[in-house]
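Chemist: Numbering (the numbering used here), first residue to last: 17 to 106.
Read the hints as simulated data drawn from the structure, not as lab findings.
Worth double-checking, as some hints may not be accurate.
No farther apart than 25 Å at their CA atoms in a straight line, the calculated lysine to any residue pairs in the SDA-like style are these [claimed, not checked]: (1) LYS35 x ILE57; (2) LYS30 x VAL92; (3) LYS30 x ALA52; (4) LYS35 x ASN18; (5) LYS30 x ASN18; (6) LYS35 x ILE71; (7) LYS30 x THR19; (8) LYS67 x THR43; (9) LYS67 x PRO102; (10) LYS35 x ALA77; (11) LYS30 x GLY75; (12) LYS35 x THR88; (13) LYS67 x PHE97; (14) LYS67 x PRO51; (15) LYS30 x HIS76; (16) LYS30 x GLY49; (17) LYS35 x GLY49; (18) LYS35 x THR19; (19) LYS67 x ASP44; (20) LYS67 x ASP84; (21) LYS35 x ARG103; (22) LYS35 x VAL92.
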Amino acid sequence: MNTTIFKAESIAIKAWAEKRIVYLELTDGRIFGFPADRFRILSQASENQLKAVQIEVGGHALRWEELDEDLTVSGVVAGQFQLPLPRQAA
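Produce the complete structure using the sequences and hints provided.
Modeler: Pasting the structure below:
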């Protein structure tokens, strides 16, 4: 039996932030969201600063100009975060 494995490249066509979650719409139709607090610089950003996200490098990168922060789309989709999930109060 032959098996074909197709790995889609994660390319963003839209990005926005709501309630400290950054969302991406990808070219394959998926909507992906990640907590801003999983990244050092974004965890210190205000809600308005997070909303200023821009798509760069043909959909391969996210940019926050005021924060001087850049993330790769493929990295966040793969779960390559800088910080662990915050501990929940018991």
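Chemist: Against each hint, give a clear statement of whether it holds in the structure.
Modeler: Structure-based check of all given hints:
Under the criterion of a C-alpha separation no larger than 25 Å, the hint pairing LYS35 with ILE57 is consistent with the structure, at around 16 Å. For the hint pairing LYS30 with VAL92, the CA-to-CA distance comes to about 15 Å; that is within 25 Å, so the pair holds. Pair hint LYS30 plus ALA52 holds up; C-alpha atoms about 16 Å apart against a cutoff of 25 Å. A hinted pair counts as satisfied when its Cα atoms are at most 25 Å apart, and LYS35 with ASN18 does not qualify at roughly 45 Å.
Our distance criterion of 25 Å between C-alpha atoms is broken by LYS30 and ASN18, whose separation comes to about 36 Å. With a CA separation close to 19 Å, the supplied pair LYS35 and ILE71 stays within the 25 Å bound. Using a Cα cut-off of 25 Å, the hinted pair LYS30 and THR19 is violated, with the two alpha carbons roughly 32 Å apart. For the hint linking LYS67 to THR43, the alpha-carbon distance of about 21 Å falls within 25 Å, and the restraint holds.
Between the alpha carbons of LYS67 and PRO102 the distance comes to roughly 21 Å, so the proposed pair stays at or under 25 Å and holds. The straight-line distance between the Cα atoms of LYS35 and ALA77 is roughly 21 Å, inside the 25 Å bound, and the hint therefore holds. Straight-line distance between C-alpha atoms of LYS30 and GLY75 comes to about 8 Å, which keeps the hinted pair within the 25 Å bound. Annotation: proposed proximity of LYS35 to THR88 holds, straight-line Cα distance about 21 Å (limit 25 Å).
Distance check on the hinted pair: LYS67 and PHE97 sit about 19 Å apart at the alpha-carbon level, within 25 Å; holds. For the suggested pair LYS67 and PRO51, the alpha carbons sit about 13 Å apart, so the restraint of at most 25 Å is met. Annotation: proposed proximity of LYS30 to HIS76 holds, straight-line Cα distance about 11 Å (limit 25 Å). Taken as a hint, the LYS30 and GLY49 pair is honoured in the structure, with Cα atoms around 12 Å apart against an allowance of 25 Å.
With a CA separation close to 11 Å, the supplied pair LYS35 and GLY49 stays within the 25 Å bound. Taking the CA atoms of LYS35 and THR19, the gap is about 41 Å. The hint is violated against a cut of 25 Å. The suggested pairing of LYS67 with ASP44 holds, with an alpha-carbon distance near 23 Å, which does not exceed 25 Å. In summary, the hint linking LYS67 to ASP84 is supported, as the alpha carbons are separated by about 14 Å, within the 25 Å threshold.
Simply put, LYS35 and ARG103 have alpha-carbon atoms about 18 Å apart, close enough for the 25 Å limit, and the pair holds. With a C-alpha separation of about 18 Å, the suggested pairing of LYS35 with VAL92 holds against the 25 Å cut-off.
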